[in-house]
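Chemist: Line order of the protein sequences matches chains A and B.
Note that the numbering used here numbers the first sequence so that position 98 is 98, with each residue one more than the last.
Note that the numbering used here numbers the second sequence so that position 85 is 85, with each residue one more than the last.
Hint data in this document are derived by calculation from the structure and do not stem from the laboratory.
Ideal placement from N, C-alpha and C gives every residue a C-beta, glycine not left out.
It is possible that some hints are incorrect.
Derived, one-sided and incomplete: chain B residues facing chain A with beta-carbon distance under 8 Å [said to hold, decoys possible]:
hint, residue
1, Q10
2, F11
3, V15
4, E43
5, A49
6, A50
7, A85
8, Y98
9, I99
10, G102
11, A205
12, V208
Counterexamples of contact, computed for chain B against chain A with all Cβ distances above 12 Å [stated by the list, open to error]:
hint, residue
13, S24
14, L45
15, L62
16, V96
17, F103
18, G187
19, A209
20, E216
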Amino acid sequence: MSPLLAQVEIRERSDTCVADNGFCPDWIADNFDRYVDPFFQHVLLTVVAMAIGFAISFTLALIAYRKRWLINPVTQVTGILYTVPSIAAFFLLLPITGRGFLTATIALVSYVLLIIFRNVLTGLDNVPADIKDAGRGMGLTERQLLWRVEVPLALPEIMAGLRIAATTTVGLATLAFFAGAGGLGEQIFADITFKSNVVVAGVLAVLLAAILDGLILLAQRAVTPWTRAVASA
Amino acid sequence: MSTTIAFLGQFGDAVDFIFNERESPAGGAQVGGLGEIWELMWEHLKLSAAAMAIACVLSIPLGLWLGHIGKGGFLAINASNVGRAVPSLALIAFFVAYIGVGFTNLTLALVLLAIPPILTNAYTGVRQVERDTVDAARGMGMTGPQIVRRVELPLALPLIFGGIRISAVNVVATATIAPLAGVITLGDPIINVNTYGDEGRLAAAIVVALLAVATEVLLGLVQRAVTPKGLKLEAGGSARRLAIPIKRKEATT
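Bound conformation, chain A alone (with noise of 0.2 Å):
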């Protein structure tokens, strides 16, 4: 079905319900099926987004923990990634990379480089020092110590930067439909005066968010059992 079809037919005017723009129920669980491409469009943007995004700014970010100097030019560059508004950042890119997901994906991972990056750098710099010597004293190499102490102690606070990127990526990325990448965004603005519409797409983007950040979470008491260990002690 084309955009364009669709926004014709979003509507059937025979109902009344619907024809004077009540909260439709019946509506809804009747269209449902039209979000459920749109939802999945929304999570393969925010998820791969994530991951390119993740592994540019974490090894960004292991790279500045030993290079101090490269803090300031990589908080700089994008610091102005993160600010340009991603509505601009779709058009600026549309004449060099054209219409669709590659342009969405683009502005978004540059959306989440310095939430990411930051993170990572905190949580390696707040590791004490005394543990890090504790590490070099068992005769772990730099390598060793930054794999086995340094990243597992940071983790928390990396995490914590996935949650926030997470969350504001899905926000951003129901902008993606103007960069031809569709998602819920596509089905809001297809008919953003029906307020039946409105609140299934933004709900199903709000309940993505509390998805992906539950996710983050569960995966981050996974991976740090010592933070329970410590708390329950």
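Knowing the structure of chain A, use the given hints to seat chain B on it.
Modeler: For chain B alone, kept in the frame of chain A given last:
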């Protein structure tokens, strides 16, 4: 002008659109040119400024007060988490469908968007003031309101402005979709591409991007200006201290 920047391709055309008006691709009216861009930007700024002003007036006193009495932390901190989870497009669509379009309604929607980061940062700003400092002020005979005004507020200012900065950039960005609610901002060429053409849309994207970056930079300068001298000295002290402001800021990004 158009020949000198033609090598930039579509970006050149877009820049040309900012400076010179032309006939609309839909026919009839003239579009583009500094006059029109300025008009759209003025509406954009008016909307953003109105929303920010109301949001500041509501959330700074509330955040200071909650921080001072040390209650409502759950509300103040979670406001940001909830605010982040609601997409700005969904919020505006909700207003369009349920409350109505127009400048006042949209301002209200943007106020809701702007409150959480400011509230959270005002609260956190007061809470992170060392209790010894507050006790010392009390020992000197200051009353509650005096402590808020002369001790907690100045020490919380950098963080409060951090919150204002986050909100302002977000509001400027979101004002771009204001034409969906009937307010003609810089987003108009983006949403009504038939009237303005592709160059107009790209031109608006360029101006919106610059406006957001300018907002961020300008408020960053203000933030630095209002930071008490003592705090600046402390922050510049050693490499280890540097990590702490970064972390605190993160609370509401």
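Chemist: State for each hint whether it applies.
Modeler: Hint check results:
| no. | hint | verdict |
| --- | --- | --- |
| 1 | Q10 | 4 Å, holds |
| 2 | F11 | 7 Å, holds |
| 3 | V15 | 12 Å, violated |
| 4 | E43 | 16 Å, violated |
| 5 | A49 | 17 Å, violated |
| 6 | A50 | 19 Å, violated |
| 7 | A85 | 4 Å, holds |
| 8 | Y98 | 6 Å, holds |
| 9 | I99 | 11 Å, violated |
| 10 | G102 | 13 Å, violated |
| 11 | A205 | 4 Å, holds |
| 12 | V208 | 4 Å, holds |
| 13 | S24 | 18 Å, holds |
| 14 | L45 | 15 Å, holds |
| 15 | L62 | 23 Å, holds |
| 16 | V96 | 5 Å, violated |
| 17 | F103 | 17 Å, holds |
| 18 | G187 | 7 Å, violated |
| 19 | A209 | 4 Å, violated |
| 20 | E216 | 5 Å, violated |
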